[in-house]
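For reference, the chains in residue letters:
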Amino acid sequence: MELTKNLTLGIYFPGDTTLHCLDPRTKIAGTTGLITLLLFTNNYTAYTFFAAFALALILAAKIPLGFALRGLRPMLPFLAMMWLFQIFFQKPPGSEIIFSWWKLTATDGGLHMGTLMSIRVLLLFLLTTILTLTTSTVELTDGTEALLRPLQRLKVPAQELALTMVIALRFVPTLAEEAEKIIKAQTARGVDFGRGNFIQKIAQLFPVLLPLFINAFRRADEMITAMESRCYTGGTGRTKMKVLRMSKNDYYSWAVLLLFALMQIILIVKIAPPF
Amino acid sequence: MPIEIENLNHTYKEGTPFARQALFNISLRIDDGEFIGLIGPSQSGKSTLSQYFNALFIPKSGRVFIDGKDTADRKTDLVQIRFEVGYVFQNPEHQLFKTTVGEDIAFGPTRQKCSPEEIEERIREAMELVGLDYETFFERDIFALSGGQKKRAAIAGVLACRPKVLILDGITAGLDPRGRKEILNVVKKLHQEKKITVILISHSMDDVARLVDRIITMDQGKIVDDGPTRKVLSRVDRLQQIGLEPPQVIEIMQQLREKGFTVPTGVLNIKEAVSEIVKMLNTPGGEQSWN
Ligand SMILES: Nc1ncnc2c1ncn2[C@@H]1O[C@H](COP(=O)(O)OP(=O)(O)OP(=O)(O)O)[C@@H](O)[C@H]1O
Ligand SMILES: [Mg+2]
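Protein sequence lines, in the order shown, are assigned to chains W and Z.
With positions in the first sequence counted from 1, the corresponding number in the numbering used here is that position plus 35.
With positions in the second sequence counted from 1, the corresponding number in the numbering used here is that position plus 1091.
Hints listed in this document are in silico derivations from the structure and should not be mistaken for laboratory results.
All values derive from a computational prediction rather than experimental measurement.
There could be a bad hint or two in this list.
Stated by the list, open to error - Cross-link-like lysine to any residue pairs, in silico, SDA-like; alpha carbons within 25 Å at most:
| no. | chain 1 | residue 1 | chain 2 | residue 2 |
| --- | --- | --- | --- | --- |
| 1 | Z | K1104 | W | R108 |
| 2 | W | K219 | Z | F1156 |
| 3 | Z | K1272 | Z | Q1311 |
| 4 | W | K219 | Z | E1097 |
| 5 | W | K219 | Z | Q1134 |
| 6 | W | K277 | W | D227 |
| 7 | W | K219 | Z | K1272 |
| 8 | Z | K1104 | W | D227 |
| 9 | W | K219 | W | G50 |
| 10 | Z | K1285 | Z | R1154 |
| 11 | Z | K1189 | W | D256 |
| 12 | Z | K1285 | Z | Q1311 |
| 13 | W | K219 | Z | R1305 |
| 14 | Z | K1189 | W | P246 |
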C-alpha cells in the first residue's frame, strides 16, 4: 500500500558528489542530449554501453543502486503489455514468424522491436531519475530557465515555463502521497484494494482519481496564494540568490559526454539494427 | 473484539535510503469495553501504531491479532475488521473524499450493503451525535466546511459504520473548547451506553486524563508507560521526561508535596484535589505542616 516507496521520479536525494555539484545547466542539457541520443539508438551493443554509462552515473552520485532501480518497478506491467503488443503486431519487412497462437503470429522482428523499445523507455526513465535525484528544485528551475532564456526573444516566457515544468515534476511525489492517503481513507471504510483480478484492480482506481484531481486543483490554488503572498509576479526582474557558474568539473563533464556521444553515434551507424 | 499486539516494529519506506523506523518492539493488549488514552509527543509513533488496530497496516515484523484473528493471515476478512474498528484520521482532510457531507457519511454504510432506509437512518443518527444539523449540512460541500465541522463530519462518517471499537486520532485538535467538550461527551456517551471500546489519541493530558480509564504513553516509537490513569498520571517524572505536561491539578499537588504537604498526586480533577487538600488540612499531621 505504500505507493511512495517505489517512487524515485521527482525526489531529490541529497549528496555532495561531483554529480550533485555540477551546474544544473550541464545536467539538464546533458540529460536532454542523452535522451535525444537514446531515441536514435537501435542496436543491442549501443544499448549495453548506454546502460553501463547510466550505471556509472548512479554509482558516481552515490545513489543506492537498488533504490534507483526500484523506481522502474511500477512501469514494468505497462512495459510488459507494450512488449507483447510489439511482438504480435509489429511485422517489420523481412522478419520471420517465430510461432503462431490462435489468430496471432509473433515475428522475430517484432520481438526485437519490442525489446529495444522497452530498454529505451527504461533508460529514458532512469536518466531523468538520475537528473532529479541529484538536482534540487531550485537548481532545476534556475537551470531550465537559463537554458530557455535564448527563447525569450521569441516571446517565450522562459521563467514561467521553467517554473511550471519543475512544479509539475515535483508534484509527482506529492500526488503519489495524496493518492496513498485517499486509498487509506477508503480502505478504512471498507474498500478492499489490491484484491481481485486485473480489471477489478483498475476499476478500484477510479474512485481514487476523482478526489485526487479535486485535491490537485485545490493544492494548486493554495500554491498560487502562497506565491502571491510572497509577492511573486512572474519572471521579469527577478534576481538570483545563487548565480549559475560553470566550473572545471562542468567542462570535464562535457568532454566525457561528447566522447560518449561520439562513440554512440559510431555504434549506431556501424551496427545494423537487428531487424 | 480484543486487540493484541506482539513485538511489533514498523519502518516507513523500508529498503530505501529514506527508511525510518517508527515503532520499536511494541506489545500491548486492548480488551473489550476499555477507554484508553494513547498519549505522546509529536512523532512518537501514535498514528503509526493505531493504524495497526484496524489493519490499515499489516505487520511485517511482529504480530497483530484482532478478535483473535491474525491480520497478516490471508484468510482473515480485513474488510469486516475495518468496519468493526472505526478509525478517525488525525487530519479530516485525509478522510473526507466525497463531495458532500451526506455522500461521505453514506460511504461506509453503502459499502456495508445497508438498505437505503437504513443508510438514511444511520446518517441522521451519526450527524445528530456529532452535532451537525441534518437539514443544514446534508448537502453541504465538504470544502465549504470549517476545520471543526470537517472534523465532525469525519467522525460521523465513521460512526455511521456502527463500529465496536473507535479510534480517534487527534480528536480535540482544531476544535474550540466548547466543541471539544461536546465531542468528548459524545465519545463518553458512546462508550458508556453502547459499550464501545474507545482509544483517544492526543498530545495533551488535560483533555484525555479526565475521561479515560487507562493511559498508554509513547515516546520515540516505544511505549513508556501503560496502566490505570491515576497510576500513570502520578508518575510525573516519567511524563516530564518525555516532555508531556501532566494535568495542571496534578502539578499543583506535586508542588504541594515538594513543599512538604502530605497529599497524594494521583488526582484527576479539581474536585478530587480540593477534597484531598481539605482532608489533609483536617488531619492533625497535615495542619502542622501548614504552620
Ligand atoms: N508516510 C510516512 N512516511 C515516512 N515517515 C513517516 C510517515 N508517516 C510518519 N512517519 C514518521 O514516523 C514517525 C512517527 O510518526 P507518527 O505519525 O506515527 O507520529 P505521531 O505520534 O502520530 O505524531 P503526531 O502527534 O505529530 O501526530 C515520525 O518520525 C514520522 O516522521
Ligand atoms: Mg499522529
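Against the structure, the hints come out as follows:
1. Z/K1104 with W/R108: Holds. Z/K1104 to W/R108 sits at ~15 Å (cutoff 25 Å).
2. W/K219 with Z/F1156: holds (20 Å)
3. Z/K1272 with Z/Q1311: Roughly 29 Å separates the two Cα atoms, so the pair is violated.
4. W/K219 with Z/E1097: Holds, because 23 Å separates the two Cα atoms, which is no more than 25 Å.
5. W/K219 with Z/Q1134: Answer holds: W/K219 to Z/Q1134 is near 19 Å, not above 25 Å.
6. W/K277 with W/D227: Status violated; Cα separation ~49 Å.
7. W/K219 with Z/K1272: Not OK: W/K219 and Z/K1272 at ~28 Å, beyond 25 Å, violated.
8. Z/K1104 with W/D227: Holds - the C-alpha atoms of W/D227 and Z/K1104 are around 22 Å apart, at most 25 Å.
9. W/K219 with W/G50: Violated - the C-alpha atoms of W/G50 and W/K219 are around 32 Å apart, more than 25 Å.
10. Z/K1285 with Z/R1154: violated (29 Å)
11. Z/K1189 with W/D256: Distance ~19 Å between Z/K1189 and W/D256 Cα, so the pair holds.
12. Z/K1285 with Z/Q1311: violated (34 Å)
13. W/K219 with Z/R1305: violated (28 Å)
14. Z/K1189 with W/P246: holds (7 Å)
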